[in-house]
Structures are given as structure tokens and as C-alpha cells.
Amino acid sequence: MNQKFNYVLLFVALLFIQGAMAQTISGTVTDNYGTPVPSVNVIEKGTTNGSTTDFDGNYSITVSSTSGTLIFSSLGFVAQEIPVGGKSSINVVLQEDVEQLGEVVVTALGIKREKKALGYSVQEVSGEDISAGADGNVTTALQGKVAGVNITTTGGIGGNSRIELRGNSSLADNNDVLWVVDGIPFSSGDTSDGGIWGGTSNGGGLLDINPEDIASMSVLKGGSAAALYGSRGANGVVVITTKTGSKAQGLGISYSGSVFASTSAYFLDLQEEFGQGSEGVYDEFGTSSWGPEFDGVERVAWTGELLPYAAEKNRLTNFTKTGVTSRHSVSLTNGGEKGSYRATISKDYTEGVYENHEIKKTNFDLKATYEINPWLNVDAKVSYIKTKGQQRPEIGYYSLVSYFNAMPMNIRLEDLSPGYEIIGGEHVETLYTTANANYRNPYFLQEQIVNNDERNRFFGNLTTNISFSENLKLRLRYGLDNYRYETESGYRYADNVNDQKPSYSTAEKFYSEENMEMLLTYNKDLNEDFNLGVSAGANKMYRNTDKLSASSGKLISEETYFLSGAEDSSTISASEEFTEREIQSVYGFVDLSYKDYLFLNATARNDWSSTLPENNNSYFYPSVNLSGLVSEMFMMPDWIQYFKLRGSWAQVGKDTDPYNTTQVYTLGSGRFNLTTSSEPDLLVNSDLKPEISTSSEIGAELRLFKGILGFDFTYYSEDTKNQIVIVDLDQSTGYTGKYDNLGLVVNRGIELMTTITPIRRDDFRFDITLNYAKNKGEVKELVTAEDDDEFYTFITDNGGVQVRGTEGELMGDIYGYAYERSDDGQIIIDDDGLPVRAAERQVLGNIQPDFTGSIGLNVNYKNFTVNALLGMQEGGDIYSLTEASAASSGNALRTAANGRVDFIADGVLADGSASSQSVSAQEYWSRVSGITEEFIYDASYMKLREISIGYNVPLSIFGDKVSSVIKEARISLIGRDLFYLYKNTPGTVPDASAFSTSYGARAFDFSPVPVTRSVGCSVNFKF
Amino acid sequence: MKKRVIYLGMVLLTFAVGCTEDFEEMNTPSNVITKVEPSYVINRMFQNPLTNYQRNINLYPDFYAQYWSNIVSSFESPRYEYVDGWIGNQWNEFYTGPLADYNAQLGFYGDDPTYTNVLAQMEIWMCAEWQRMTDTYGDIPYFGAGTGESVPYNTQEEIYNDLISRLTEAVNAIDTDDATQYAFPTNYDLLYYGDLDKWKRFGNSLRLRLAMRMSNVDPDAAQEAAAAAVADGVMESNADGAHIPLWSSGWYDYHHQMAWNWDNTRASRTFTDYLYGQSSVGEDPRAWKWFTYKDDSYSLDDESVITGIENGYNTLPADARAYATINLDGGYVGFVGDGADILMYMPYMFYSETVFLKAEAALRGWIAGDANGLYIEGVQASMDYVGVEATAASDYINGLSGLTGSNEEQLKQLITQKYIANFPNGSESWADFRRTDYPDISLPLDGVSGSASVAADTWVKRIRYPDNQHNLNSASMPTSQNTIDTDRMDIRLWWDTADTKDKSSGLMNSNF
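Chains as they are written, first to last, in the numbering used here: chain A, 195 to 1217; chain B, 26 to 537.
Simulated from the structure, these hints should not be mistaken for laboratory data. Any given hint could be a false lead.
[Said to hold, decoys possible] When the alpha-carbon atoms are kept at most 27 Å apart in a straight line, the in silico DSS-like pairs for lysine-lysine are as follows:
| id | chain 1 | residue 1 | chain 2 | residue 2 |
| --- | --- | --- | --- | --- |
| 1 | A | Lys695 | B | Lys319 |
| 2 | B | Lys60 | A | Lys741 |
| 3 | A | Lys900 | A | Lys789 |
| 4 | A | Lys1056 | A | Lys1161 |
| 5 | A | Lys667 | A | Lys532 |
| 6 | A | Lys667 | A | Lys718 |
All chains should be modelled from the sequences, with the hints used to inform the complete structure.
This is how it looks when you write it as C-alpha cells:
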């Protein structure tokens, strides 16, 4: 609160500074359809005095002379000069610049290029689109906004995300997208994923990016777009350009703030009719809900008290809390003749729905540019970021959600809470049955388990631009990404399940990456028709990490929760880990254009990587792309304004992690503190080659009916071969696997972006954006000489289920256990009267969707803006392990279906005759819970991802004094993930229930951190 | 312009271009070694059978020997189903663990005569582990395995014959008087703490165990090897027993965890029944040393006797947890360790087992000696090891009838006492049961599971090969067992010559 008060003081002070200004000219800028044009530069000619239009096309500028001239300019429009002529109000209609119809986008190496000249698809997302939803997480903010970008999240707030561009091409699940911020790679590292048996999820380095600072994001999806980034860009690149100050703009201050409330939602459907016990008999220490039907009659409960025997409803909803998120961001920009700067400070505080689960973030960013002399310009940026994660929750069988889903339905929260008793100064867990890892008290665990982390990062660059002549320019850049990352994990209290608690462990890691880069560019009009651009560059990347970890072993007591508090000092252990890698690169590209309607671009890069064997460590990637503006070459009908065809081809290579090519032995401390060492499980391969991806794409862009309708269509194909994977070996060789080059994965797909603007009036505009993407990833080849295996396993045996890529099939087949069936398809029943599970796993589905899409609706009406974003997936399958587990404990809704009277299961005996053996629901579901087939669901869904209603507060309401300094005031109401229009999973959601971000994990609906619905509001002020 | 060119030149000079010579050094980690001390390996080798004790041993051999019963409803193994994520680990852990480590040691030190003794000790241990592997599966990859290439499977007969000669050579190779020999620091030799004579007796005892396993399939070779092993000197006292210590700091006291903390196991009814009525005194004095009742939410009507729970329930009774479980306060050193670093010992080969092996060899007339006397000596050795007081032990022993009746009857009595004495060494007792079909071990209470590859009303006889082999090495597997359908768990191993179902009036006719 104190902090907010300080901000207010700052603003008030600044109001007075600004309030001293003189008279102004104001007006509105519209296009020839009458639509307001925002962000138009308004400059008083011959001075550095300038302003820009706001969201509604309004501007105001204080001029030094009433006889001067104003210049109105904006990308895509013909600039206009209008004499002031003593007027105090000037309205302007800008004409669209046909030559410049395509906007300018940021491409590889931060080079700005006209979109029309690109032979590949680039989709740019504006900073406004990113920040509109006031989502502090840049990856989730990107969700649904770019066709062919598939983002899955897990782990609740601050959890890990998977970003997949045009499908998964990697067998080794190495899909990391390269993030580049202002030209410098930004480490997305230190992510973590939980597994089925526990662990926590951490979104890692990407959490450090402040969405408020983003001016634009270019998503380079294909090989051609990313070819200039070499091996690191092989999975695609997200290029972020952050906001800068404007030389022309003078002092500006802006504030944005938001508050959100998130509540947990979408839990498994549970039955509320039967309680604790077995085979219909009540048992107060029972661990499942196979007891008698609820009757409200008092029985002796596990607490020893007489309690009414009734269902305890909505336990998870009541256990979780409302998470409050608040964010504040203040930025200051200023500019003069020689340079400009922008300084921002942001504070972000996000609460999860579990007690103490929090992410706290501070971003400080300073970016400046200065023109030293006419041929030398310097840009500098420095960012400091602190991100703290606290009490990240456990995932999987030992997650709080799992404990509740397995807990007998009559166990009451009030009896479990607070989760412990203090006995002899120590916290002792309150248990509803005998101590057992599967039946724990969530209240206790929430306080016992510690998972904290903190990253302090410095990130920045220094860039020098030298102009030798108008045609020859040199850019030199040094970038640094440097951070310290600390983690703390442990068990604060003892428990009865594992006698090695309490325990404490801590680790710290130093990460550093340096990039030195140069780029020399020559550009010349060869003659009237031809323009030639040639560039050459080099880059040296050096990255190293040092990690030190220590753990205590069992602690003396909960009072000694620190490293030296170990009961036996010999159990205190430490280990260190180093990695080091370097990539040296040279690259170049040629741009040739003809008459400004035919564009040819070719690029080449060579990398030398330290992680590959000496004879294989150099690799070359070429790309070529061509773009033609058909609408400029030929006469087009009136209703076609823009028609572009494009095509491209590229080849990209990828190296491997450090230390995969030499056999070495590590030392460890084993039992009785003896030094141990052993033969590694993986056989090294000194013949590793780089992976090679070859991609091609063709596309068309159309704008019709004066911009009412627009299409951008892409067809692409990407072949990835020589994949560096761990190939499973016959274990009797002494090794479980070895690194090898293997396989060919082919991804083919289409992307279609459609924009429709049915209404474009002065005060009313309606835009519809449709993104459609279809991708099929297929494993074409898999077999090598060493390996007669025909499939690659992404997920090994989680709850009996595997996710595989089989040669000749689509990637991501879900293999599990089906019912054993007779020739005519009937389920086989055994002598016990129970369905028989087939002996071998078989394909029960595939995780790849038929298509994914999003629908964006945008309405501007007077001062109101409404944005809605719907996300969807059609097809794809998911296995609900959540439901299968709850079925065996008698908690799943389905287990109460027939009132639990004994019944004869559907099916026939092995000899084809009818079964007469009746079974109880408990017997039946105990068996069926192990049969995967029963819990496979269609993963299709459509959800309202984001909706916001914004209102531009008319400045007049503030009164004259204030409105002369406030340039913009805006209030928005925002809702995220409010509801699903349709889905098929049993209460849970199909798109955010994976236990990790690994490729195969999306095949599982399994006890994630609760998914939330959020509502909030944001305010933005500009001064 | 000139200034700009100078500027450019300076920048390019500082830009280190095209130097990749230090890449190899960069790609080698700095915190590793390239040659491993034998002591760093031997202590890990001893841990191999224990590392995954629950999944590899408790859920299979321990249940099939009916020392323990399962009390978790969803567990598949009690009714003979195979679970790759459980005992499938044993294959992986042996081949990629001790075998790969041992092969690397032979590579490092095989040509250096100062390492003869330590390599022979490792060799003895490896032979023991090889026998456990082949007794689990039958034919397995053996010659040339663990060297980076796939090799053919060898028959169990080939493996047994080779193991007997390897053990003979290894025992003979140990030179107890050669001071120039490299020796493990004594704390690294967790089995015998540097006592080479004990190592030799352990090697010979293992040879006796291998020999007796062949009693029915190749009696001549068995007799020859058994007589040679005994002549060379087998274990002489409980101090010679092979017991693997479990460290109290950590989480390796599996029986304690499984029975007590995880509530996964209880004593098997089969075994607890053998703790009553064997001797005229009634109760076996070891019963309460081994077992007790957990102070729990459930209790039995009569807790004055030790009662276990039947093996092989489909749906467990609600009070399954009420049955007898491990006694951590019984003073039995196998369970409670030395009171300091060692929390428990896991038996690998008891001294009493050696005595019973000799008793059986004597019964068969393969070695000199009084079978009945050795039988009594075996029981006494077990009583001593468990810590039964002398009078209770002698009362029990005096109450035994001694070996009487036909050879089959005598063998049954002998194996029954061996079975009791071998508790909790499930691996060995399951092997004895498969070979001799003694003592009487029941089928799963609710029958063999329909999902098991064991015929109805038939005893499980082996473990099937892991998925890894079916997926990646099926070409090398025995042709009659190279598919999941044919790789059945009711196929008898080479040394298992008779079907338990042929037992008549409690007796086989196959053992002599």
C-alpha cells in the first residue's frame, strides 16, 4: 500500500511540472474509411517537438509558432504536411500508402523488413495485444494469438509451459524455442517439470520477461524465418523488441496496474453417495469410498467422535483459496535531438490457490539510444530482474489433488485442519488412517513441503551502429545474460511415512552467456529496377554454468531446518556440476529486389559447436526465399487490393548437449559414506553428427474488398533427420542406451489466418480474427543398424500407459491396456466375473489434434473496446488417469452409477457363454481401473480464453487542469479461462491437466495443480 | 572516413575468430575421472540385490516362497502376473550395474597381477549374482554380455557349468599371504571386511549351492562338484555367513519400510503355520523374534500366536493389516542391525544354509557325514544366528523328530527346516521349492490370475524376460520363448525336473 502511495505522489509532482505548459493544437486523425488511426507521429516541422495520436486518433501538441507546419506520419500511410495557420483544431484524413500496404516486421537478427518482401510467414503480435489481457506471463499471454503456435501450460501460477511451433519434430523432445530480446538470446532455462511420482513445475527464465515492456513479438515459425539463427533457432524463434523512448516525443510517463482474483475450477466429477469402508461395510479407518451409502446417521469416525455419516462436498474448492494477483508498472520516457531513453519498473505479485504458493517479480529496465555523431550511434540496454517462486506445489500421485481424489468421501476438512498437532514442540501429522504414503493430510503437506526458488538476472547489451556511407553500415553488438539461481527444497517437519525427515537441501547455479556479434550491411540501387543488399556477419557465443548443491539428510528436529542441522553430520552432502559450450558462427545474406514487387532473399550460416566430435562439429545451413506481389505485377479486379505469393526453402542443423561424446566416470558418496563410481548407463558415441531439418513452405496473402477480408495461407513441410536421441539398447549389453543419430520425422501442415472487418465506421469498428492450424507429425524412419526397435517411447509406463512414435505412424500414439475381446468384439469375462485386461498394450488413441484454432473478436465502439479470444482444439485423445485412480478408490462419479448393487458385468466368458458370476462395484472398478481403454476421452474443446471490456475515459471528466496533462486514461475489466463451451473430460480439462510439459504428457489428465478462472481489472494512464 | 576504418579494424581484432582448438577440452567435464578404483565399485556391487529389493525380490521371490504376503489390493504379482516396472528392473540393474562395472574393472586391472585378489573377490560375487539371475529367468545372455554388444543367450546348463569352474578358479586365485596385493580398504569390503579366508569359504559354499541345485537334473556332476566344494572348505560358523549390511542413514531397510511404514506386506500364513507344530514344543522360539503385531487400528482375536495372512487374495479382507508383521524390537540382528550404522542385514547366504546343503549331500550319500546330525546342526546354527536362548533352542531341537522315513520324507523334513532357517531369504527358498517341491507352498488363495502366463492351478516357475529383451533382443532369445505369449512363467527351468502337481500324499518321487 505504501508503495502505491509513493507512485501517486510521483504522479502528482509530475502533473505540476507538466501543468506549466502553454497552448495546444488538438484534433483527430482518421483513415479514408473514417477509422481513427492511433500512433500517428505528429511533429512540428523543423523542431524536435512532437506528439502521437492516442487509441482514438486524438492528439494534442503545443507548438512554438502558430505559423508553423505539422507533419503527420505513420507507417502504411502517406505523410501529410499541414500549415497550422493559427488554427487550434486540425483534423486530418491520412491516405493509405499503397506502396507500403505491407507492414514492417522484425525478422531474424532484429532486422526490420517490409512484410511484403518476405518469402515466409511471420506473424507479429503487438505489445498491446500481449498486455491487453494483463497476463504477467508472456507465454500464456501469447496463447491463441498466433496460428501454428501451440502452448500448453502446467503447474499453476509460475508453472512450466511448452511452446511448440508447427508441431513436434524432435524425438528427444528437444523443442526449446529460442527467445531473443532486443537482439540477445534470453535464457529460458531452469524450467522444471513434475513427473507422475512428484516434483514441481517451474516456468524458468521466461517468467522474467515483463509483458508490459514488449513493443512487438515476431514469431519465426519456419526454418527459413529462423535460418539465420543457426542451430539455436532450429525449433523456431520468438523475437521480442522492447519499447523505447522516442526522440521526438519529450517526457512521457505511463502507469499501468491490474488486480486479478483467481479461483480453482474444473475438478474431477466425484460421487457423493457412498463413504468410507469396503464392500459396503463401514470402516472408520478405511482408505477408500467402498463403504455403505450415506444416511446421515452418526457413526464413530476416525477422530473417535460420533459424526453424522454424510458426504463432505466440494472439498478441493473449499480447500483452495482465491489467489490475488496485483501488478504495477511505471515507465518514464524522454527524448531529445541526440537520443532518448525509457526506464521502467514493474512489480508483480501473483498468488496461487494453495496457501503460500506465490510468484513475486521485480523488473527494472533501462534502454537508451544516443547519436554520438552523424555516423556513430550507440544503443544500450540493461535489465535487472528478480523472480521468486514460493511453495511450488507437488505434481502427480503425491499431489494434493490426488490425495483429495482418493480420500473417502466423508472425511471432513474441519477434522483434517490444521493438519497437525504440536506434540513435544514438533508438528505431528493428523492422519485419518494408518500412516501411508498414499493417504496423507493435505493441510499438513502444504506446510511440511518446501519448494522455493529465486533468480536474480542481469541482462543487457551494448550496440554500436556505424555508417561508413549511406550504403555501408556496420553493427557491433555485445550481449550478456547472467543470473544466479537458488533453490531450496525440503521437508520442514517429520512424518510417519519416511523416517528421513525433516530434511533440507539447497542449490545455487550461476549461468552466463555472452554473445559477440558483428554485421556488415551494404545496400545499393543497381539501377531503376534493381536493388541489392548484401550482409555478412559473425557471432561468438560462450555459455557456462556452475552449480553447487547440498543436502542435509535427516535433520535433528524441525528447529534445525538448515544444512548443518543434520542429525548425523556424515549425511550432509554436496555436489557440483559444470557445463560449458561455445558456438562460433559466420553468416551472410543477399537481398535482391526488382521493381519493388519481386523479392529474392538468400541466407547462409555456418556454425562450429563445441559439443560435437571434432570431425563433425561444423555445419552449414542455407535458406532461400522468394516473394512476389502479384497485385503489383498484373492488373487485378477492383476488389483485390493485395495479392502476394511466396515460397521458401531452408536447412538447419542442431547440436547436442555438452559431454555426450566422451566416456568418463563420476564419483559419488554411497552408503556408509563410501566413495562410489560406476560405469555410466549410456554408451557414448564419438561419431555423433548434427541433426538436420529441411523445411519448405509456400503461401499466399490476400486483402480483398478494401481490407474487409484478409487471408494469409501457408503450407509447410519439415523433415528432421539424424535426430540425436538416446537409443534404447538391449540391456544385456551393459548399457541402457546410447546417443545416436536416428530417424526421420516429417511434419506437414497448413495455417490459415483470416481477418474480417465487417464494420469500419467512424465510431464503430468490428474485427474478427480466425487462426486455423493443422499439423500432422509422422515418424517416417526409425530403425538403425543398432536398433531393431520400431517405436520410440516418449512416456514410459505411467499408470500402464505409454506414448510412442512408431515407424510409419503418427507421432504420439497412446498405448495402453484394452479389454480382452472375443472375435465379435465382446468383452471377455473371467471366472471371477470380471473383465479381462488384454495382455499387451495396444494403440488406444493419438495425442495429435485434427486441428487447433482460435477466434478473436474485437469491437471498438466509441470509447468502448471489447476483446474476446476463444481457443479450441478438435480431435486428439487423452487418458484420464485422474479418473482411473479415483475409480479404484470408489470416489469417481461413475463408480456410483448403478447404486452399487452387485451385477453381472457385460461380456462373455472365454468360451463364448454368458457369465453368471455377479460382482460388486468395488471388485468391478478395482479391475477396470487398470484398463486404460475405459478412461480414454476425446480431447476436443472450445474455451473462452480471454475476454476484456475496455473504456477510454474521456479526459474531459478530469477537469481542465488535469486533462491537460493526462494523455490517456483507460480502464478494463478482464476475464481469463472463464468457461468451456464444450469439452468431454469428466469434470477435468483436456488442455491443462498434463503432469509435465514433455511431449507425451499431454496424453494424460492427471492431478495437475488446480486450473483457475480469473477475473480482474486494469487501469492505464499516460501523462 | 579514415577514423571509421581504424575503428572497424580495432573491433575486428578484438573479435576472436575461428579458433576451435579448445573445443575438445571444453567438451570434457572437469569433475570426473577416467580410471576407477576397485574399491569404488565393490561396495556398489554388494548393494545391487538390495537397491530395488521390493520390486525385484519382495514382490516376486519373497511372495512365491510365501515368507510374506501382500496387503495392497491392486498389486498384481501375488497372483502371478508379471509387471515390467517391478521385477523387470532386476535385468537392467544387473547387466548395466555390477556386470558393466566388473567388465570395466577387468579392462582397467585385468593384466596387472597386483589386482589378482580383488578381482577374484569380485569374481566370486559376480558368480553369486549370475546364479540369482539365471535362477530367475532360465537361459540368459552370459558369455560376452555387458561389453557393449548384444550376444546370444546361453543355456542354464552352460552357465552352471561355467560358474562352477569360475568359482573354483577364483577361490584358488586368492593368495592370502601375498602382501604385494592391492586390497580393498577394509570398510569397503562390506561382506567380509578384508578377511580373505572367509571369501574363499564363501566361494566354496556358493559352489556347493550351485551343485545341489543340479541334484535332480545332473546328479553325477552335482555330486562331483558338491564333494569338491566341501573338500575345499565351506562356511564354518555364523561368522562366515554372507550378510549385506544396510545403512541406517538412508532408506534402504526395505523390510522395515514395506511391512511397517508402507503397509505393503504381512507375514505369510504358509510360513507362520510352519512356526507351529514342527517340534513337540509347539511354537518355534524364533516366531516372536521375527514377528509381532503392529499396534494399529486393527487387531486379531487371538494375538497370542503369530498368524500371517494367506497369499493371493483377489480382494483383500478389510482387516488385512491386522496380521503379524516384522518385529523390529525382537533383538534379531538381521532386522535390527548392530545398533549403530547398520540398521539391518539382508541375508545373501546363511551359514545354516551351508549346513543344510551338506546335510542334503550327506542324505544323498555324496559326501561323508551324518545327514541327521547335520540337519540338527543347521537348525542350531539358525537358532544361534537369530539369537534364541540356548534352552529354548535345545528344547525345540529336542522336540524335532529327526530325519526319518523314506528319502523323500527325509528330504521334505530337511528342506522344511532349511526353509524356516532361510527366512527371509526368499530368492533361495523359492529356488529350493522349485527344485524339490518342498515344503508345501500353496497356490494363490483366489487362484492364478487370468492375466498371468501361468496355467490355472499351477505354480509359478520362473519370471519372464523383460520388455526390453522382447523389444530389442528377441532375435537372441530362446526360440520357444521369444514372444510375450510363449515366454510363460510356468515353464520349468533346466534344474527343475518335476511338476509340483505330481505331489502325492505330500511327497514327490522325483528327488532321488
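Taking only the CA atoms, is the gap from Lys1056 (chain A) to Lys1161 (chain A) under or equal to 27 Å? Given that 27 Å is the threshold and the Cα spacing comes to 17 Å, the pair holds.
Straight-line alpha-carbon gap Lys667 (chain A) to Lys718 (chain A), limit 27 Å: 12 Å, holds
Within 27 Å, alpha carbon to alpha carbon, are Lys900 (chain A) and Lys789 (chain A)? Roughly 24 Å between the alpha carbons, so the hint for Lys900 (chain A) and Lys789 (chain A) holds.
Pair hint outcome, Lys695 (chain A) versus Lys319 (chain B) [Cα-Cα no greater than 27 Å]: Given pair Lys695 (chain A), Lys319 (chain B) holds - Cα atoms ~22 Å apart, limit 27 Å.
When you check the alpha-carbon spacing of Lys667 (chain A) and Lys532 (chain A), does it fall within 27 Å? Holds, at about 19 Å.
Does Lys741 (chain A) sit within 27 Å of Lys60 (chain B), going by the straight-line distance between their CA atoms? 24 Å, holds
Of the numbered hints given earlier, the model fails none.
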